[in-house]
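Asker: Now for the letters of each chain:
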Amino acid sequence: MLKRKRWLFAIFAILPTLAIYLWVRIIPIEEVLRLSLHKWDLLSKNKPFIGFANFEELFHDQLFITSLINTTIIAFGVLVITIPLALFLAALIHHRTRSRFAGFYETSIFIPHVVSLVPAAMAWKWIFDARLGPLNAFLGIFGVHPQSWLFDPVLSIICVIVLCSWQALGYAVLIYLVGFKNLPVSLFEAAKLDGASGPQSFWFLSIPLLKPITLYVSVVTLVSGFNVYAQAFVLASDAQGAPGRQVRVLVLDMLENSFRNYRIGYASSEAVVLLVIVLVLTLIQFTLLRERGRA
Amino acid sequence: MSRPVSKFAASVFSNSGRAALLGSVLGAGLFAGVTSASAVELTVWSGYPEMAPFYQHVADSMKAAHPDLSVKVEAIPLREHEKRVALGVTSGGAADVIELAVSTATRYLDNELMAQAPDDVTKFVNDPANYNEFFRNAASYNGKVYALPLFRGQSALFYNTDMFKAAGLTTPPKTMDDFSTYAAKLVQRDASGNPTVSGWSMRLSGGGQGIAEKFWINMFQFGGNLLEQAPDGKWKATYASEAGHKALKQYLQNVAQKNVTVEMPADAEAFERGQTAMFIRESWVIGDIATKAPNLKYATATLPMGSIVAPVNLYITGTGDKAKAAWEFAMAANTPENQLWLLDNVGWLPNRSGLDFSKIVAAKPNVAAFVEYPSTYKFFSLPTIGPADEVLTRVAAKLTDAFANPALANDDAAIDKVLADAQAETNSILKREGILAE
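So the protein sequences, as listed, match chains U and A. Just so you know, we're using our numbering here: the first sequence kicks off at 12 and counts up by one. Just so you know, we're using our numbering here: the second sequence kicks off at 59 and counts up by one.
Bear in mind the hints are in silico, worked out from the structure with no lab data behind them. Glycine included, every Cβ here is placed at the ideal spot set by N, Cα and C. Don't take every hint at face value.
Claimed, not checked - Calculated cross-link-like contacts (lysine-lysine; reagent style DSS-like; alpha-carbon spacing at most 25 Å):
| id | chain 1 | residue 1 | chain 2 | residue 2 |
| --- | --- | --- | --- | --- |
| 1 | A | K202 | U | K56 |
| 2 | A | K130 | A | K294 |
| 3 | A | K141 | U | K58 |
| 4 | A | K232 | A | K350 |
To be verified - Reference listing, derived: stretches of chain A covered by chain U, where coverage requires no fewer than 3 residues with Cβ under 8 Å from a Cβ of chain U:
| id | segment |
| --- | --- |
| 5 | 143-150 |
| 6 | 157-170 |
| 7 | 439-451 |
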């Protein structure tokens, strides 16, 4: 009887949280799934069911395909830059924990993560400016011709990757630092006694032991990479003056289809594709890193 | 154990006291209701930040007759405005007065989301003395009036007279060929041949449909249109044509010859800073230059063939007293005084007929290119069809890719292919919406 009462208490205690979760998480996802099978223009009362027609159209839509390719390149580009660099920087900072500058190192790397995106992106926009930007001025010292960073189809994607990585790095370093601080010291002492050098300890001990952290950081980085929008938007913003090339990304395409083209059902089918991609990639990451972690 | 109660509290909690308290509260509530009923606050949503002073001016002009009316103007950039209208109108959280391009408003009218004009407004709009047929039709839907016409976007050439003089040019370009010749003469380059001041600022990049609109304006000078309506009322894309070819080739050749480059500052800002010699834009630039670059020496000229006309109306949401006040506000925005104030102070062209622009033209001769055009001057406007924005946005994406490919400039077959591909996509959108003409 007492057990049942406790069980009921637990259920009632968690019920408000579950209800909120259902309201803000589950129902919107279910609604997106439902809308993806309908044709709806946001304004009409009618939402005719059209089956998979939205999905069929998606895969013949050049703008969607371009957005998907760009987003994938950006997400993996950010991942490839952020994870190794964050691990390396976290190791360096951890190595210098007792330095009086340790706080400065941590803060200076974390600041980009907390800085508001729009002013940060505007600063990067100036850095990448083809005519007045310091990046071209710097490269000019080495005889490199000025590059159209924000206009060239390839370079503009690289610019978005750099901006996203710069932002993601601080958070990744912070999480890795927590991981480093929780590594068992005894293992490193034993390795040292066995003659392992610093880099060897890092390679053969730190990296394997940090796999759960790497899993978490890489999932978070990849998911946020697939959700890239504001960075691409701000780098190409400015209705006048010198707008940049609009790097098409999935979220931008969804917003355009939703609120400019009034195609909510179609935009929902894009959201479903994005959801599936992120879920599959997360699953792959979990599988790979957990399996290897156990081995 | 009972607690001591004060005499005042005792009277309040007695029957008569409760009644008195209830009466006081109800009375206060009723009084508040009366006060709030007479004080009306209207919210106006605009997609042009420069329009905010105009709406405020209209509100001020209504003060004497409506001392309790307060107007809150929320003017933001157009693309963001369109998004908030889409979300606001459908969720019931939209402003009372919404400024919207006719091409965008059609969807809302299709779904009965905007209020129909009351009789007095309908009579006013339908009076040919107040608006010509084009604007009357633009304010109507299925024969009923839903809006008050306000202003229009209409294009003309802006050119820097100092730069023209320095290049030995005494008149504005008269043909589209002249535009390219002039651009080559006007472009300024540094020692290594890179352009520092563009000869002709063309819309080559950026997001949204503006690129396609500007392309359409240029193509129109060659005698072409992006979309044309068939006798059955349906539409088809017509830009994979000789006119389309000429327009795209002109863009590409100006880019290839570096008369303009995608990296260069562009549009009104560039013109105001002396970073481009000429460009095509609407009349609002006159007001913008007066504010930001008052010492700039420039002139305006009509375009070779004609111009786009993009009418913008005021729509009202809701019903009741607030809607009544909103319609009054929209009517006030259309008084001759306020319409002239709009042109004089903001620069957008008012739509009302019978306005006397002579004083403004005398004080600001650059306005003339917008209000005194040749009798043969032609106009076109964006089609009032649901997928207009989608069509233009997708054409813009194709054009942006083409502008970034310098190899196209001298490849006629490749230019035709770009246009044919884009046109096929446009027609597929029209087909999907059931409005593709045979």
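Asker: A separate judgement is required for each hint: does it hold in the structure or not?
Answerer: Here's how the hints hold up against the structure:
1. Distance hint between A:K202 and U:K56 is fulfilled; the C-alpha atoms sit about 22 Å from each other, no more than 25 Å.
2. Between A:K130 and A:K294 the CA atoms are separated by roughly 41 Å; this puts the pair beyond 25 Å, and the hint is violated.
3. Between A:K141 and U:K58 the CA atoms are separated by roughly 20 Å; this keeps the pair inside 25 Å, and the hint holds.
4. For the suggested pair A:K232 and A:K350, the alpha carbons sit about 28 Å apart, so the restraint of at most 25 Å is broken.
5. Under a criterion of three residues with beta carbons nearer than 8 Å to beta carbons of chain U, the stated coverage of the segment 143-150 of chain A is upheld, 4 such residues being counted.
6. Counting residues of the segment 157-170 of chain A whose C-beta lies closer than 8 Å to any C-beta of chain U gives 4; at least three are required, and the coverage claim holds.
7. Counting residues of the segment 439-451 of chain A whose C-beta lies closer than 8 Å to any C-beta of chain U gives 5; at least three are required, and the coverage claim holds.
Of the numbered hints given earlier, the model fails hints 2 and 4; all others are met.
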